[in-house]
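Peer 1: Position chains B, C, D and E against the provided structure of chain A, taking the given hints into account.
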Amino acid sequence: MTDEQKKEEQKPASPEAAKPAAVAAKPPAKPAGPAPEPLDNEQVRRLRARFAATIGEATLDRKQAIVVVARERLRDICQYLRDEEKFDFLTDLTAVDWYDRSPRFHVVLNLYSFARNERLRLKVPVADSCPSVSGLWSTANWLERECFDMFGIVFEGHPSLKRILLPDEWKGHPLRKDYDILKQDTDWVRENLGIESGQ
Amino acid sequence: MVPTWHYLVLSAALLTIGIIGVLTRRNVIIILMSLELILNAVNINLVAFSRQLADVSGQIFAIFIITVAAAEAAVGLGILIAFFRNRDTVNADEIDLLKW
Amino acid sequence: MTLLLETLKPYLLPLIRVLVVFLGISLIVAYLVYAERKILAHLQVRLGPMRVGPHGLLQPIADGLKLLLKEDIMPAGADKGVFLLAPVISVIAAFTAFSLIPFAPNFYITDVNVGLLFLIGISSLGILGIILGGWASNSHYPLLGALRSTAQLVSYEVALGFALVSALLLAGTLSMVAIVEAQQRQGVWFVFLQPVAFFILFVAAIAETNRNPFDLPEAESELVAGFHTEYSGFRFSLYFLAEYAAMILVSSIAVTLFLGGWLRPFARVRALDFLDFTPVAVLVLAAAWCFRECFRYPATREWRWQRLLLLGLGVGALGISAGLLLPARFLPGGGEGLPAFPALTAIQGVFWFMSKVFLFLFGFIWFRGTFPRYRFDQLMSLGWHFMIPVAIANVIFCSLAIVLSRQMGWGLPATLWLGTAATLLVAALLRREKA
Amino acid sequence: MMFAQGSFYVLAAVAVVSALLVITRRNPVHSAIYLIVTLLSVALLYLQLQAEFIAAVQIILYIGGIMVLFLFVIMLVKLDVALRQPPFNQQWWVAGAAALVLAVELVGVIYLGRGTAALPQAPPGSLQPNTELIGRTLYQNYMLPFEIASLLLLVAMVGAVLMARRKAS
Amino acid sequence: MAQPQDISTTVLGADEIILNMGPQHPATHGVLRVKLKLDGEKVIGSECIIGYLHRGVEKIGENRSYPQFAPYVDRTDYVAAVSNGLGYCEAVERLLGVEAPPRARWVRTILTELQRIASHLLWLGTHALDIGAITPVFYTFREREEILKIFEKYCGARLTTHAFRIGGLQYETYDGFEEDVKKFCRDFEEKVDEYGELLTENRIWVERTRNVGILTAQDAIDLGVTGPVLRGSGVRWDIRKAFPYAAYAQFEFDIPIGERGDTYDRYLVRMEEMRQARRIILQAVDSIPEGPILARVGKVIKPPPGEVYHSIEAPKGELGYYIVSDGTIQPYRLRIRPPSFINLEAFDKMVRGHLVADVVAIIGTLDIVLGEVDR
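Protein chains in written order, with this note's numbering: chain A, 1 to 199; chain B, 1001 to 1100; chain C, 2001 to 2435; chain D, 3001 to 3169; chain E, 4001 to 4375.
Pulled out of the complex, with its shape left as it was, chain A reads as follows (with noise of 0.2 Å):
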């Protein structure tokens, strides 16, 4: 690993045209904006073939490639892409809350691959639970638990699966576009102080 990366290192970094998609890509005039392109490069291609149809839609958007995948195969996909495209870095693991789409949440998962130097953005769309991928990637751990404590996406197969950054008897999941900022208090006010609201 360590030689690989030295030798990565050593030749002149430009990583954006490294990345082979980068190279058709330049972003249009100002006014518009950037905007998100298909992408179809030989390792969506490779990711095609092998799993099919769970392979959704590929983009590249602001020249990152973002691949939104089928929740199924989650972690089939995960591993062959640790282990044979060599994405051996999750580097982030989050979640955004389409609220008024079915299914309503997409989990993202941001990898990296030292070999390659590039990123990878996968998306899942979920309703409420998710296969966990903390066994291929130790750190997914904790950033699941914050992602159930956040939007209270359950992730199958987490060895511990409970809050984190909020305290255990905390109501609801805060990062949730529904989620009523005050309601928490008003419904304590209403228990304890037998008033309407404390606001």
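FYI, nobody ran anything at the bench for these hints, they're computed from the structure. It should be emphasised that the depicted structure is a prediction, and the values quoted were computed from it without experimental measurement. One or more of the hints may lead you astray.
To be verified - Only pairs whose alpha carbons sit at most 25 Å apart, straight line, appear in this in silico DSS-like list of lysine-lysine:
no.: 1; chain 1: E; residue 1: 4349; chain 2: A; residue 2: 162
no.: 2; chain 1: E; residue 1: 4183; chain 2: E; residue 2: 4153
no.: 3; chain 1: E; residue 1: 4241; chain 2: A; residue 2: 86
no.: 4; chain 1: E; residue 1: 4349; chain 2: A; residue 2: 86
no.: 5; chain 1: E; residue 1: 4302; chain 2: A; residue 2: 177
no.: 6; chain 1: A; residue 1: 123; chain 2: A; residue 2: 86
no.: 7; chain 1: A; residue 1: 123; chain 2: E; residue 2: 4059
no.: 8; chain 1: A; residue 1: 123; chain 2: A; residue 2: 63
no.: 9; chain 1: A; residue 1: 183; chain 2: E; residue 2: 4059
no.: 10; chain 1: C; residue 1: 2066; chain 2: C; residue 2: 2038
no.: 11; chain 1: A; residue 1: 162; chain 2: E; residue 2: 4037
As the list claims (entries may be wrong) - With beta-carbon atoms standing in for the labels, derived distance ranges:
no.: 12; chain 1: C; residue 1: 2269; chain 2: B; residue 2: 1055; range: 45 to 53 Å
no.: 13; chain 1: C; residue 1: 2016; chain 2: D; residue 2: 3003; range: 16 to 24 Å
no.: 14; chain 1: E; residue 1: 4024; chain 2: B; residue 2: 1094; range: 38 to 46 Å
no.: 15; chain 1: C; residue 1: 2359; chain 2: E; residue 2: 4250; range: 51 to 59 Å
no.: 16; chain 1: B; residue 1: 1057; chain 2: C; residue 2: 2016; range: 39 to 47 Å
Here a beta-carbon is modelled for each residue, glycine too, at the ideal position from N, C-alpha and C.
Peer 2: The following block gives chains B, C, D and E in isolation, referenced to the frame of chain A:
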């Protein structure tokens, strides 16, 4: 000058108290402490007679007894720790297995 | 009335000595804290206490008052009796030991023929205060601190004991006064004959007083405050007092055994006799500093008492130095059989003794400002795998050297240095083995 | 003389009372503290008997060493359970009776041996200088026992370490 | 691979105790609470309990316009506010598809590297303090003070600077900025060596940090640690080289790495990073181009729909911003990838089998800031 037999009485008292402690207490630590009382009682005798007879041998033996006491405390407490680890108790009447 | 005076007379002088020693030690402890804060501050590019009194000179008094007035908190579930008793044990142990320290040839509380043994014994009582205080607090941090402390003190006491034995081999007595007299007789401080033992004593002394780099029992970044985490107010100040008194105590022991106690440097060189007047010179200099500082404060109302304090200190210092120079013939009772300046001679011992002690204490503070802290297992390993073997080797080689010099008629210093060289060889081997 | 007499009785009383407290306290830490008091007063009695060396050894070894070891062990073992159980075992009355018999016997022996009290007391200062005398006797007359004692300590040390050490895990 | 987290439910053996460290503890750098399961003094399990400083920064982000949110990021890693601001501004710029003008990027680089030095100085002082050396903290604060003075002169704030704006800089550099920075760099060279003299060769320091909290390269990648912690484990990876941002592509600097991945290596890595930061600053300050300092971003910042992940090499590691825009003036979702949070996850792995004293050394070597861990 305090007569020697006063020291003997004191020594006898400490010895008896020590023996009562060894025989009646359940806690091994306190039993070991009572043993120290007994050894001290002996030492008082030795040193008192050493003074009366103007012979330093008594004090020498007191030193040996203190040595023995140190050895006894170390081994005793070592056994106690090992025992506590295995049985989670320090009560003498619960030490009723010859092996575990 | 006269009868009462007559019966009290034999007790009067010892009583005054006891009072002087204990009050003096308390005062030194208070100002040792001040000195530590000042020295550390200057090592760390800051000023230290500056607010209370000129240059913060009254800070210790303010600190003392603050500690006394603070609430005395006892944790729930603490063993009340033991909790109250523990700091008292520490203080008593630390202070009682001073009764055996000879500050000057004619100024000590008592001298017994097993003085050194008693010193070790009494100071080892201080451990009880720590371990009981840690246990009685009914809390994890103090308990761990107490356990660490006990293990540390017991371990380093062994090395300390062997280092003391090395000095005893040379002195041939356990009496503290006689040990200093032996150094006077032999014309050399034992540190020059037993450097290894002195070094071991120094390190062990730091460990015994829980000072950096061996301050694990109270490592504030790990165990908050170690055994006295749960103590507050007056009881905390008792521990504090005991700790600093213990520092002075071990320094005193080291000075007595290795640095010639009350003897001035080169006590046998007549040409340096003018050094006898150093105490006076120091006092005069201090007075001069006070006067200078006094006039540097602006003559406004708010600084008035500061100026007065400095002025008073200066005048006091001058007065004392004048008193010291009072020739014997003006004293009541005439000058027969007394040295030329009796008061000066009496104070000299204390002066040299305390100067050496302060040198030691400065080392303590300096170390604290410099070193990181050892980890517990490293501390133990240093103690058992290095200090104790070296100390034992030192005792063996030095007793061999003494026997050799007696049997063969070789010069004592030379043979001892040979022994020291052998000890150093052992030490080097031990280090190599570890690395 | 008065002072010497008085201090003996005070110290003896302190020793006996705190010895009684040693065997009656429920909490071993309290027992240990009272044992320390007993040991200290016995050490002071040694001083009175002109055995300064033994007194110093008593303080250093017994109080500074053995008792600290005791306290250390008390802190290592959890005592919460033991504190709630009855402190005395069931055959305490048998033991008490036996001890009473022993006490009577001891008093009898001392009474019978009262003749020794008539033996001449050695003059004060006959055992001085104490440390030197002990050193000489110990290393000349009692060399072999001394070495055996050091061997005993070694064996005890090895044994204690072996006992207290955890099984290699 | 994942360790069992919950240590409170496991049965305690005869010699085992649970020690609770924090949230009020001098060495947990804020309000970290660590539950340690101890066997004697040996740590056989740990659980970090965090969230005491949680302020819902990400939620706030969804309810503020893009420029309004910028001051909030200063308050995540509050000892490296400039770096946070750089990451956020660049992420939004990338979302907008604009680039800051060269002069702005040069000044940003200088200030960010100064901030890296300040952050590392704070780390060094407190780390040494935790291990028992009480003096270095005063020396490092002396130098940190100089950096904060430069910040104060530049933007009026010392800690939560809010130094950058989306699209570039709000303020032109003040007169004498270059001289101040150069003077600092000139003085700083020997100051770093001075810290080194106090610690690098100090036997006790080496003994306390060598072989403590070892993290192999494999584990480091698995645990997702970044920054000096990753480099200390021997992975030569730095976002400044991998995905250059600001003006880093223009400057020469080395990426120090460690060999064994222990606390001492991480110490050496950070020390060398301070020297390299000085090197970057010196290059940058000599070549600041003239020109505008703010790109044209419009009065109302309204990025087109889409999303971006942009990360920078903050002093603590990879600080990433994942922003999803729905075309309004507020982010639809704003995620901060906090390096401290993810580095702290490695704590359990690093601490097992060590002694209590090493716990503080390991917390120190992770260089966490609870404001960022908890957000």
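Peer 1: State for each hint whether it applies.
Peer 2: Taking the hints in turn, this is what the structure says about them:
1. As the CA atoms of residue 4349 of chain E and residue 162 of chain A are separated by approximately 19 Å, the hinted pair is consistent with the 25 Å bound.
2. Restraint check for residue 4183 of chain E and residue 4153 of chain E: the C-alpha separation of about 15 Å stays at or below 25 Å, so the hint holds.
3. The suggested pairing of residue 4241 of chain E with residue 86 of chain A holds, with an alpha-carbon distance near 20 Å, which does not exceed 25 Å.
4. Taking the CA atoms of residue 4349 of chain E and residue 86 of chain A, the gap is near 24 Å; set against the 25 Å cutoff, the hint holds.
5. Taken as a hint, the residue 4302 of chain E and residue 177 of chain A pair is honoured in the structure, with Cα atoms around 20 Å apart against an allowance of 25 Å.
6. Among the hinted pairs, residue 123 of chain A with residue 86 of chain A is consistent with the structure: their alpha-carbon atoms are about 18 Å apart, no more than 25 Å.
7. Distance hint between residue 123 of chain A and residue 4059 of chain E is fulfilled; the C-alpha atoms sit about 21 Å from each other, no more than 25 Å.
8. At roughly 16 Å between alpha-carbon atoms, residue 123 of chain A and residue 63 of chain A fall within 25 Å of each other, so this suggested pair holds.
9. Taken as a hint, the residue 183 of chain A and residue 4059 of chain E pair is honoured in the structure, with Cα atoms around 15 Å apart against an allowance of 25 Å.
10. With a C-alpha separation of about 19 Å, the suggested pairing of residue 2066 of chain C with residue 2038 of chain C holds against the 25 Å cut-off.
11. Between the alpha carbons of residue 162 of chain A and residue 4037 of chain E the distance comes to roughly 20 Å, so the proposed pair stays at or under 25 Å and holds.
12. Judged by the Cβ atoms, the range 45 to 53 Å given for residue 2269 of chain C and residue 1055 of chain B holds: they are separated by roughly 49 Å.
13. A hinted range of 16 to 24 Å for the beta carbons of residue 2016 of chain C and residue 3003 of chain D is consistent with their spacing of about 21 Å.
14. Checked against the hint of 38 to 46 Å, the C-beta distance between residue 4024 of chain E and residue 1094 of chain B comes to roughly 41 Å, which is consistent with it.
15. The hint said 51 to 59 Å for the Cβ distance between residue 2359 of chain C and residue 4250 of chain E, and at roughly 57 Å that hint holds.
16. For the hinted restraint 39 to 47 Å between residue 1057 of chain B and residue 2016 of chain C, the CB-CB distance of approximately 42 Å keeps it satisfied.
Violated hints: none; the structure is consistent with every hint.
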